[in-house]
Amino acid sequence: MSAVSRTWDQLTLPGKFLAIVVPILAVLTTGLILVIVLFGGAIWNVILANLPVVRFIAAATILLLLSPPIAFVIIYMEMKVIALMNLRLGPDRVGPWGTLLSTVHGLKVLMKEDFTPTRADPVVFTWAPVVVFSTAILSALVLPFAPGLFGQDLNLGLLYFFAIGGLTVVGLLMGGWASFNKYSLLGGLRSAAQIVSYEIPLTLSVVGLIILAGTMSLNQIVQQQAGWFVNWFVIRQPLGFLIFVIAATAEANRTPFDLTEADSEIVAGFATEYSGMRFGFFFFAEYIGVFIISALTTVLYLGGWNAPIVLPHIVWAIDIGSLSGWILAIVAIVPVLGTVLLGAPFFLFRSRTRWWVALIVGFVLFNVLAVGLFGLWAYISFDWVAGLFWFVGKTFALVFVFVWLRGTLPRVRIDQLMGFAWKWLLPAALLNLFVTAFAFVVVH
Amino acid sequence: MTTTLPPGTHVSGDDPNVLIDDDYASYEPIPPYPPRTEREAEFYTLGDGEMYLNMGPQHPSTHGVLRVVLKLEGERVVDIDPVLGYLHRGVEKLCENADYHQTISQVDPLEYVSSLFMEWGPVMAYEKLLDIQVPRRAEYIRVLSGELNRIASHALFMGWFALDLGGLTPILWSFIERDEIVEMLAALTGQRMLFNYFRIGGVNGDLNHEFLSRLGDWMSRAVGQIDANTKLLNENEIFVRRASGLGVIDTDMALKLCMTGPNLRATGLPYDIRRAHPYSVYPELDFEVPTRSEGDSLARYLLRMEEVKQSLRIIDQCLHQMPDGPIMAKLPRLLRPRPGRAWAALEGPRGLYGAYAISDGTDQPFRLKIHDPSFIHLQAVGALLPGHLLADTMAIMASLDPIMGGVDK
Amino acid sequence: MDRALKLRLEARFGGVLRGPVRQRQDQTEIRIAPRDVTDVLRALHDEPPFSFPVLADLAGVDTGDTLQVVYHLWSGTTSDWLRVIAEGLPREDPRVPSATFLWKGAEWMERETYDMFGIVFEGNRDLRRIYMPADYTSFPLRKDFYLADDAARSPGAGVRHMERSHAPNDAVAGTVRRTGAA
Chain A
0 MSAVSRTWDQ LTLPGKFLAI VVPILAVLTT GLILVIVLFG GAIWNVILAN LPVVRFIAAA
60 TILLLLSPPI AFVIIYMEMK VIALMNLRLG PDRVGPWGTL LSTVHGLKVL MKEDFTPTRA
120 DPVVFTWAPV VVFSTAILSA LVLPFAPGLF GQDLNLGLLY FFAIGGLTVV GLLMGGWASF
180 NKYSLLGGLR SAAQIVSYEI PLTLSVVGLI ILAGTMSLNQ IVQQQAGWFV NWFVIRQPLG
240 FLIFVIAATA EANRTPFDLT EADSEIVAGF ATEYSGMRFG FFFFAEYIGV FIISALTTVL
300 YLGGWNAPIV LPHIVWAIDI GSLSGWILAI VAIVPVLGTV LLGAPFFLFR SRTRWWVALI
360 VGFVLFNVLA VGLFGLWAYI SFDWVAGLFW FVGKTFALVF VFVWLRGTLP RVRIDQLMGF
420 AWKWLLPAAL LNLFVTAFAF VVVH
Chain B
0 MTTTLPPGTH VSGDDPNVLI DDDYASYEPI PPYPPRTERE AEFYTLGDGE MYLNMGPQHP
60 STHGVLRVVL KLEGERVVDI DPVLGYLHRG VEKLCENADY HQTISQVDPL EYVSSLFMEW
120 GPVMAYEKLL DIQVPRRAEY IRVLSGELNR IASHALFMGW FALDLGGLTP ILWSFIERDE
180 IVEMLAALTG QRMLFNYFRI GGVNGDLNHE FLSRLGDWMS RAVGQIDANT KLLNENEIFV
240 RRASGLGVID TDMALKLCMT GPNLRATGLP YDIRRAHPYS VYPELDFEVP TRSEGDSLAR
300 YLLRMEEVKQ SLRIIDQCLH QMPDGPIMAK LPRLLRPRPG RAWAALEGPR GLYGAYAISD
360 GTDQPFRLKI HDPSFIHLQA VGALLPGHLL ADTMAIMASL DPIMGGVDK
Chain C
0 MDRALKLRLE ARFGGVLRGP VRQRQDQTEI RIAPRDVTDV LRALHDEPPF SFPVLADLAG
60 VDTGDTLQVV YHLWSGTTSD WLRVIAEGLP REDPRVPSAT FLWKGAEWME RETYDMFGIV
120 FEGNRDLRRI YMPADYTSFP LRKDFYLADD AARSPGAGVR HMERSHAPND AVAGTVRRTG
180 AA
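Residue numbers (numbering that gives the first Met the number 0), protein chains in the order written: chain A, 0 to 443; chain B, 0 to 408; chain C, 0 to 181.
Hints in this document: simulated from the structure, not taken from any laboratory. Beta carbons: idealized from backbone N, C-alpha and C, even for Gly. Hints should not be assumed to be uniformly reliable.
As the list claims (entries may be wrong) - Negatives, chain B to chain C, calculated, CB over 12 Å:
#, residue
1, G55
2, K92
3, E179
4, V181
5, M218
6, L245
7, D251
8, R332
9, H376
What the hints assert, rightly or not - Mimicking SDA-like on lysine to any residue, the simulated pairs with C-alpha atoms at most 25 Å apart in a straight line are:
#, chain 1, residue 1, chain 2, residue 2
10, B, K329, B, G189
11, C, K103, B, D295
12, B, K230, A, V80
Stated by the list, open to error - Partial selection, computed: residues in chain A whose CB lies under 10 Å from chain B:
#, residue
13, A82
14, R412
15, Q415
With these hints in hand, go ahead and build the complete structure from the sequences.
Next comes the structure, spelled out in structure tokens:
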């Protein structure tokens, strides 16, 4: 034992990490290979028999795995964009232009002490962030990211979305109540009132769109917006779009409706007593919520995964097989040639550049070019790549708008918020509905 | 083995070795002593459906260390009890044991945002005790730097007011303004914030090239920048709706509450010490006293922005009318005024800044009483707030512009 | 220096003034007894030849012998500041009528004076300490207040009780200054 402990003490921290992880990984890999070899066929049959369930599990897993990166990107955007609007720099040091900062924030949140306040209700206190986070993920299951890329194409996709999204308020109330803190209680109650009152204009504003589209399935709504951008529902339902965006901002607790977490009045609202990963869940859930409402707005009103213009149909098939022997030559020569050709102008026209710096620059540029060409080929050849590109682009444009709103606008007060929802948004949504229905009947 | 716990305790959920008292720390901010006055008794008895909320000394938004106990009925504030003293430094007592010159740097940190005005009061009082005439150039420099400090203070007010309402951007934009002014004053006085610039009988240093060049540079851009900054808020519907009709004071109530400065002028009474009881060289300067009649938070905010424009006018005139001459009166090193009393008051960004100095013939003041407007205006929050919502607490407090250093002396 | 104000004051308050009306530069000063504060302040506030609407300051002063309360008032009818000194308050039991019946804003100023000097303002609904903690036992701005030097060495003395107000005889020589200036 002493020899082992002495050797252990001599290892550095990365050494210790590797000494633990590598054997475990080796064992797991061999186990996995054994299982696949022995039971592979049986497993495959089971999967094929239960395809919907497997699809659900896969979709939920992928969404869960993707949500931290998306949240990180949005958090970074928020910090950087608001900073630039405030005429300051924002994250600058960690990573190029501070891009790794939100990752570091995520790690920091994992490392913080995760305690429960003395008189808090431990079960409810622990489950509140889980509820909030999981409702966000579950509601994203019906979003069509690209043709064929969705968790499930429900007939009632939109209804499902609003139903699950409304469960968020349960989580917020749980968090607010269980914290045994008056600030949290006020924050939770405010959020309950706010979300419940903005549900109604939110759902009503979409009914006009449902009348026009004739379906509640999100996939089919996107498919109906194919073609030029004049087919997008935002042209046909401008008032609905406006109401939807405003109500969605309130649903996601974003400024100007962020009084549930108004940190100049009630410290952090329902999340006051949370720290560590539980706070991380609330934090993530908020930014995933921003992503999801942007995604929903894109899907419903801005054409989803459709391009705004109709691109001519190109086929760019590369038949790797026909090149056979030449492939080795291409792989050997093209990168070198590209590096030299792209680096040459820097060396030739700028006397301060040394030749190896020019080669490095050329290499980087060649990589950029190669990745760009590959992306272009993927865009042309696979329609899901093209769809994903447009979907993500539009969604992040809307996320930028939400972040812009946060940087610019002050907060509304609770009574002004409720008054706005019940006295202005609700009648406007009803008006939109009646006009759409009337126009629909008249036209058809 | 089950061990019985002592009654009234339970095991902590996080660490099983720790026992927690169930009556551990009263969670309500009710004082652990019997009420000392009838007002305290009235405040600390709860009615039906009411609760206490303690906005403690550590809070993102009280203007310094201030503890405010609110009695709420849901979201509506029924009553409020501010608790002060977290920043009390005993400045008046310290001044009694310091030279006359040392007291100037003692009073600087009281209203740290507008330190020059805080110094100006005692300095004027001592000059009255000593019966000395301050050279005209020194007076002009005092007015010039004072008005710059007023603009800086109002810029801070604007940013802080917007921050308390939820807008993240205006404070950073106004701090750009403030930074430029503060750098200017650092070129003039040597310090960015607690200037220690005024001396008994004059000022510490003359205008220098760096200060004048920065000032000229800034003045050429000032109006445009201030307009751009205020446009962000003035035309913002949410901000206007949050601030208008909030905390309305009428002139009678304001005078009863001993309010002065922009808070009083926003109710309609054009009371400005620079005109009501002129001092220094203000009689020679041409400026208006902006007044508004609504008396709500929005009026206070707009009034302060108009005052900034008037300050720019004054600075302009000072620069053009600056006389030559000495910047300090001839005084002995060791000051021993004749026994007597003197009071001096001036108009600062928050209101009436006053100093009452008593001299007993020695080289230390016998008593220096500083009158601070933030102290008075914080009382007004208690009179204005009941009936408003929780979110308005911060809005009203921010619109009255208290600085806790001055409140707590 | 407003001579007319001096004449008006002497004419109206001649009986209750405890000394001549002093004027220096732009300040006029009158001295009254504590029991006359209510009448004098009300007259100064309400009566037309005076009509002082603004209470600029309310201060306490410890002259070494007795305590004083000093009010500073402003009016549009005169170019001077008016200083009203209520003097002669005994150290053991200083009591003055409160000015809150005229100016509600005097409440906190009186709280501060009570906190620092111990002067009790009768009629102030909220006369409790404002700067010092509630269980503080001495009045800091009095001339016979001093901090005990060896508080740090005392094991039982907490922060709050380390300052004790001794009788003047126990004080270090030179602490209490009696002058005729205030």
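Checked hints:
Interface exclusion of G55 (chain B) from chain C stands, the closest Cβ pair being 15 Å apart, more than 12 Å. The claim that K92 (chain B) is not at the interface with chain C is violated, since a C-beta of that chain comes within 12 Å of its own (minimum 6 Å). Its beta-carbon lying about 34 Å from the closest one in chain C, E179 (chain B) satisfies the requirement of being farther than 12 Å from that chain. Non-interface status of V181 (chain B) relative to chain C is upheld: no Cβ of that chain comes within 12 Å, the nearest being about 29 Å off.
M218 (chain B), annotated as away from the interface, keeps every beta carbon of chain C farther than 12 Å; the closest lies near 33 Å. Once the 12 Å rule is applied to beta carbons, L245 (chain B) is consistent with being away from chain C; the minimum gap is 20 Å. With 12 Å as the threshold on Cβ separation, the claim that D251 (chain B) sits away from chain C is violated: the shortest Cβ distance comes to roughly 10 Å. Interface exclusion of R332 (chain B) from chain C stands, the closest Cβ pair being 22 Å apart, more than 12 Å.
Its beta-carbon lying about 9 Å from the closest one in chain C, H376 (chain B) breaks the requirement of being farther than 12 Å from that chain. For a cut-off of 25 Å, the pair hint linking K329 (chain B) to G189 (chain B) stands: about 23 Å separates their Cα positions. With a C-alpha separation of about 20 Å, the suggested pairing of K103 (chain C) with D295 (chain B) holds against the 25 Å cut-off. A C-alpha spacing of about 21 Å is found between K230 (chain B) and V80 (chain A), which places the hinted pair at or below 25 Å, so the restraint holds.
This hint holds: A82 (chain A) has a C-beta 9 Å from the nearest C-beta of chain B, less than the 10 Å allowed. At about 5 Å, the closest approach between the beta carbon of R412 (chain A) and any beta carbon in chain B falls short of 10 Å, and the interface hint on this residue holds. Hint status for Q415 (chain A): holds, given a least beta-carbon distance of 6 Å to chain B, under 10 Å.
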